[in-house]
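The listed protein sequences correspond, in order, to chains A and B.
No gaps in the numbering here: position 37 of the first sequence is 37 in my numbering, and each next residue is one more.
Add 392 to the 1-based position in the second sequence for my numbering, that's all there is to it.
Derived from the structure by calculation, the hints contain no laboratory data.
Please note: incorrect hints may appear among the correct ones.
To be verified - Under 10 Å between C-beta atoms, here's a sample of chain A residues computed to sit facing chain B: (1) 11; (2) 37; (3) 260; (4) 263; (5) 267; (6) 270; (7) 389.
Said to hold, decoys possible - Computed list of lysine-lysine pairs in DSS-like fashion (alpha-carbon distance at most 27 Å, straight line): (8) A/389 x A/69; (9) B/424 x A/383; (10) A/371 x A/69; (11) A/389 x A/3; (12) A/389 x B/424; (13) B/424 x A/69; (14) A/246 x A/229; (15) A/389 x B/431; (16) A/168 x A/69; (17) A/383 x A/159; (18) A/159 x A/171; (19) A/229 x A/383.
Unchecked claim - Estimated spans, in silico, between C-beta atoms of each pair: (20) B/443 x A/95: 56 to 64 Å; (21) A/291 x B/530: 41 to 49 Å; (22) B/459 x A/137: 52 to 60 Å; (23) A/269 x B/478: 46 to 54 Å; (24) B/478 x A/275: 38 to 46 Å.
The C-beta atom is built at its ideal place from N, Cα and C for all residues, glycine as well.
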Amino acid sequence: MNKPFLISAKYKIPLLSCMAIGLVSMAYALFGEPDHGVRFWANFHLNTVWLITIALCGMVFIGLHSLGKSAWQVAIQRVPEAMALFVPVGAVLFLIVLAGLWLGWHQLFQWAHPHGDALLEMKKAYLNLPFFSIRSLGYLGGWIFFVLWWRRLSLQQDKQADVNLFRKSEKVAGGFMAFFALSGSMMAWDWLMSLDPHWFSTLYGWYVFSGMLVSGVAVLALLVIGLRKAGYLPGVHAEHLHDLGKYVFAFSIFWTYLWFSQYMLIWYGNLPEETVYFRQRHQEFNVLFLGTAASNFLIPFLGLMTRNAKRTPWVLAAVCGMVLCGHWLDFFLLIMPCTLGGQAEVGLIEIGMMLGFAGLFLWVVLRALSKAALVPVNHPYLKESNAYKTPY
Amino acid sequence: MPATQKMTSFNNTTMTQATYIKAYYRDADALKRGLEHLKANGVEILDVLTPFPVHGLDRILGYRRSWIGRVGFIAGAVGAITGFYFQTWIFTKSYPLNIGGKPFLSVPSFVPVTFELSVLFAAFAMVIAFLIRSKLSPGQAPIIHNERITDDLFMVLAGAGVNPTEATLADLIGFFKDSGAEGILVKDDLNTAKNY
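Sequences are here, hints too, so could you generate the full structure?
Given below as structure tokens:
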């Protein structure tokens with residue numbers, strides 16, 4: 001009944017062509033652009049962090065439901081698990097950025113070269129190369145540790161139906177959530193906010209977290225819809241899609257709330273060292289900046305408001321696809337104005353590199369899916385998950 | 393009310409007496425199993441009263457989805473438009489104030505109030521729509537079938553038709569007994585009640 005997932009040529013060819021497009025774009029950005037690789041490194045960093053957050057969201061999704069002792073997600077649990085297994089690959093990509101920082105391949109992080117800048121000299125106690133590297137390695141190491149530990153327990157449960165393994169996996173999920181609560185926020189400061197080292201916002205960590213949850217669950221919903229369409233996951237029905245739709249709907253509102261809270265407080269306070277962030281985005285990216293905020297709110301809000309929309313696979317998939325693009329643009333607006341400034345644009349290099357990274361991500365996720373049964377067969381809540389019905 | 397008038401209405405109703413059956417269940421699962429049994433035997437179920445919301449009951453009873461969400465959406469949209477328009481009117485026409493050197497028409501500062509008013513309108517509209525639809529209003533005398541329904545008892549109210557014969561009534565009571573009901577009360581419009 002639950003047939004194993006296989007990566008057939010039908011999937012291989014588009015994924016490999018995506019990765020080829022990515023490689024060509026990267027080569028062009030490195031050697032064809034006269035900017036000494038600034039655009040290449042900015043895009044590399046953008047896509048690396050974007051995909052790491054999406055992969056992490058897979059583990060957050062599992063941790064959240066494990067701690068809440070919920071059952072409905074068990075039938076799709078292998079999908080976020082596979083997403084989380086991208087974290088080690090993302091870590092390798094991030095190590096390339098880190099190596100570039102040490103070896104001077106790129107100038108993404110201005111604080112690495114304070115050159116007498118009074119503010120950056122003062123922030124040196126936190127923003128310096130060795131401490132930054134230790135923190136980054138700490139986050140990545142911690143995430144990989146929990147992801148792989150969870151995966152091992154999950155696969156062990158497929159072989160032996162032992163409730164103690166399940167209890168232990170719940171503890172691993174709890175440990176991950178506690179670790180993530182801290183590291184998730186700090187990752188946002190270090191990898192994203194420190195790109196603009198003069199500026200700060202206390203809300204930034206939450207802002208990145210909310211966007212990450214929306215895009216992560218959107219990817220999860222797209223994968224589940226895709227697998228169902230290909231004839232896998234027979235135990236998953238409209239009730240599960242309904243709940244995934246609720247997540248995208250609710251966390252899109254949450255994201256808008258944080259976007260607006262950050263914007264309004266800075267707009268109202270009108271302190272030059274804070275408003276500089278929005279001033280730059282208004283002047284250089286006004287249409288994109290306001291358009292992304294509006295579409296990331298209105299598309300899921302109006303598109304997924306009704307029950308039928310959340311339960312209809314193609315509507316949910318369409319909204320998730322648009323939301324995912326919107327949140328990639330949001331990441332673009334977090335990173336590009338601080339690195340490329342006004343010259344940044346969503347050009348062929350950006351799209352090509354995004355496709356390349358997305359192809360790699362999907363390849364890793366599908367490979368992880370093909371490595372194990374698509375459903376955790378011995379999970380104690382599996383039966384409940386298959387029979388799950390959302391209250392009206 | 394004079395006694396004679398009461399007697400008249402009393403006599404009129406004797407011709408069309410509706411009989412009801414109240415059946416009590418111990419817990420939510422017993423209630424759901426009982427309802428499935430009653431439904432299979434074609435018993436007309438008028439209402440189910442429970443101390444807390446029981447999941448899946450709406451599906452067993454075949455209730456349609458509530459339209460109260462639509463009331464909420466429309467009222468919320470009206471609230472958002474009202475809130476936004478009201479503020480623009482105040483700050484540009486009625487009482488323009490210079491606040492921190494911001495322009496009079498400062499959209500960001502209007503957003504929180506617009507949001508609050510849409511929530512307020514939606515919430516009030518939904519509560520009022522619910523009260524109207526459920527024929528409830530403040531000050532109305534409540535109909536209490538059994539005080540334990542607000543505590544630990546689950547009740548099914550079923551119709552037994554007008555002037556049922558002894559045989560049909562006996563059949564119905566049999567269905568209820570088979571459905572696992574812990575107490576069965578047959579009651580007609582004259583308020584003569586009988587326990588089974």
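So, going through the hints one by one against the coordinates:
Here the hint on residue 11 of chain A is broken, as its CB sits about 38 Å from the closest CB of chain B, past 10 Å. Checking residue 37 of chain A against chain B by beta carbon gives a least distance of about 38 Å; that is not within 10 Å, so the hint is violated. Here the hint on residue 260 of chain A is kept, as its CB sits about 6 Å from the closest CB of chain B, short of 10 Å. Interface restraint check for residue 263 of chain A: the shortest CB-CB distance to chain B comes to about 7 Å, inside 10 Å, so the restraint holds.
The beta carbon of residue 267 of chain A comes within 5 Å of a beta carbon in chain B, closer than 10 Å, and the hint placing it at the interface holds. Because the beta carbon of residue 270 of chain A sits about 7 Å from the nearest beta carbon in chain B, less than 10 Å, this interface hint is met. This hint holds: residue 389 of chain A has a C-beta 7 Å from the nearest C-beta of chain B, less than the 10 Å allowed. For the given pair, residue 389 of chain A sits about 16 Å from residue 69 of chain A by alpha-carbon distance, which is consistent with the 27 Å threshold.
About 20 Å separates the Cα atoms of residue 424 of chain B and residue 383 of chain A, which keeps this hinted pair within 27 Å; it holds. Taking the CA atoms of residue 371 of chain A and residue 69 of chain A, the gap is about 26 Å. The hint holds against a cut of 27 Å. At roughly 24 Å between alpha-carbon atoms, residue 389 of chain A and residue 3 of chain A fall within 27 Å of each other, so this suggested pair holds. With a C-alpha separation of about 15 Å, the suggested pair residue 389 of chain A and residue 424 of chain B falls inside the 27 Å cut-off, and the hint holds.
A C-alpha spacing of about 24 Å is found between residue 424 of chain B and residue 69 of chain A, which places the hinted pair at or below 27 Å, so the restraint holds. Distance hint between residue 246 of chain A and residue 229 of chain A is fulfilled; the C-alpha atoms sit about 21 Å from each other, no more than 27 Å. Restraint check: the Cα-Cα separation between residue 389 of chain A and residue 431 of chain B comes to about 21 Å, which is no more than 27 Å; the hinted pair holds. Taking the CA atoms of residue 168 of chain A and residue 69 of chain A, the gap is near 13 Å; set against the 27 Å cutoff, the hint holds.
Restraint check: the Cα-Cα separation between residue 383 of chain A and residue 159 of chain A comes to about 17 Å, which is no more than 27 Å; the hinted pair holds. The suggested pairing of residue 159 of chain A with residue 171 of chain A holds, with an alpha-carbon distance near 20 Å, which does not exceed 27 Å. Between residue 229 of chain A and residue 383 of chain A the CA atoms are separated by roughly 22 Å; this keeps the pair inside 27 Å, and the hint holds. Between residue 443 of chain B and residue 95 of chain A, the C-beta spacing of about 58 Å keeps the proposed range 56 to 64 Å intact.
In this structure, residue 291 of chain A and residue 530 of chain B meet the distance hint of 41 to 49 Å, their C-beta atoms being roughly 47 Å apart. The hint said 52 to 60 Å for the Cβ distance between residue 459 of chain B and residue 137 of chain A, and at roughly 55 Å that hint holds. Restraint check, residue 269 of chain A to residue 478 of chain B: a C-beta distance of roughly 26 Å breaks the suggested window 46 to 54 Å. Between residue 478 of chain B and residue 275 of chain A the C-beta distance comes to about 28 Å, which lies outside the given range of 38 to 46 Å.
The structure is inconsistent with the numbered hints 1, 2, 23, 24, although it conforms to all the rest.
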